[in-house]
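Could you put the whole structure together from the sequences, leaning on the hints where they help?
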Amino acid sequence: MSKLVRILQQYGLQPYQGEKLSSKTIKISTGDQYVVLKRSKNKHVEEKFQNVYKIAREHQLTNIVPLYLTRQNRMIVNGKSHVYYLTPWLKENVDPIPTYQMVLREIAIVHEKTKFEKKIDLSLVDEWYKKQKEKVRKSFNRFERWIASFEAKHFMSPAELLICHLYPTFRSVCQNLEYWYDEWATYIVDDKSVNLALCHGQLTPSHLLHTTKGAVLINWEKSFYGEPVQDLAIFFSTTCQSSNVNRDDLLAAFEAYIRHYKLKKSEIASLSLQMLHLEQMMKKLKQFVSNKELLTEIEWVRLFQRYLYYLEHMLYFQEQFKTQLVDEESDV
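Quick note: the sequence shown, position 315, residue 313 per the working numbering, numbers continuous.
Note that these hints are calculated values from the structure, not bench results.
Some hints here could point you the wrong way.
[Claimed, not checked] Distance condition first, Cα-Cα at most 16 Å in a straight line; then the derived EDC-like pairs of lysine to aspartate or glutamate:
1) Lys111 <-> Asp180
2) Lys129 <-> Glu277
3) Lys282 <-> Glu297
4) Lys113 <-> Glu56
5) Lys133 <-> Asp180
6) Lys116 <-> Asp189
7) Lys260 <-> Glu115
8) Lys46 <-> Glu277
9) Lys263 <-> Glu317
10) Lys263 <-> Glu115
11) Lys128 <-> Glu176
12) Lys260 <-> Asp189
13) Lys131 <-> Asp180
14) Lys263 <-> Asp188
[As the list claims (entries may be wrong)] Simulated DEER-style distance windows between Cβ atoms:
15) Leu249 <-> Lys282: 27 to 35 Å
16) Gln285 <-> Tyr14: 22 to 30 Å
17) His152 <-> Glu115: 55 to 63 Å
18) Lys1 <-> Glu132: 47 to 55 Å
Backbone N, C-alpha and C define an ideal beta-carbon position, used for all residues, glycine too.
This is the structure in structure tokens:
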């Protein structure tokens, strides 16, 4: 409690009672109100917050959780190995709108209000996208070599069997990546620019609160200015790693997003490419092949099962995106 007292004194507040909400978050009563204290290891968080709240003021964004300022007019309090920041405790409300839709609707509003256009050097596009396609082919060839080495064994471990089972999905992902690189290259030449906007950086359903005063997005520690579809790719990545994902809910959420922020064709292609990322999976496969002792057999199986679920979900969404592009072109 002494640490809480020292931290809240910086805000001119006195803590009376604390309730641990998570390993990094405490709800605190100061007598006449509740506040939430968050701990972070991000030493650059104050710089990020200054940027986020400057943008929020400029664009009149009301769906970003406010921060308290210290007596020194700072957004954080420095500790020995962490930094701390304080927000109001916002009473949540019950809302019939599915959480997925709420999250993507609110971030779409942020993207739409803060976006700006940046011209790109088209002379670099052709060489870059061809290099990316070559990386995809090399990844697929390496994956095939690993499969062949597993199949050459008299007995395969459960993890090796699962990786072999991944083969058709992995092949389809690689084919889709090549397709979307071609599509992106075509569309970006027409656009001659990309849209950039304020991005949350770790967009998940847990980072949205639906309060009695409206929905707010919390935890902007990893915010940045970048392509809006980066937030969408992160969102899909964090929500699609199990078998029981409700795809219809996610599609409805995506539709809620594009009602508030209309994606260009090049952005849909970019989103697809980011959703189908293979870098982390290839890294884990390489670790598995070279040093299986890093994890137990059960842990490897669980890891690759999550990759399988994720990629199967992503392939489903690719087909929906392709259909959407076809429908848009037929309407022109």
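Hint by hint, here is what the structure shows:
no.	hint	in the structure
1	Lys111 <-> Asp180	30 Å, violated
2	Lys129 <-> Glu277	15 Å, holds
3	Lys282 <-> Glu297	12 Å, holds
4	Lys113 <-> Glu56	12 Å, holds
5	Lys133 <-> Asp180	14 Å, holds
6	Lys116 <-> Asp189	10 Å, holds
7	Lys260 <-> Glu115	14 Å, holds
8	Lys46 <-> Glu277	27 Å, violated
9	Lys263 <-> Glu317	14 Å, holds
10	Lys263 <-> Glu115	15 Å, holds
11	Lys128 <-> Glu176	9 Å, holds
12	Lys260 <-> Asp189	14 Å, holds
13	Lys131 <-> Asp180	9 Å, holds
14	Lys263 <-> Asp188	10 Å, holds
15	Leu249 <-> Lys282: 27 to 35 Å	28 Å, holds
16	Gln285 <-> Tyr14: 22 to 30 Å	49 Å, violated
17	His152 <-> Glu115: 55 to 63 Å	59 Å, holds
18	Lys1 <-> Glu132: 47 to 55 Å	53 Å, holds
In summary, the structure is inconsistent with hints 1, 8 and 16 from the numbered list given earlier, while agreeing with the others.
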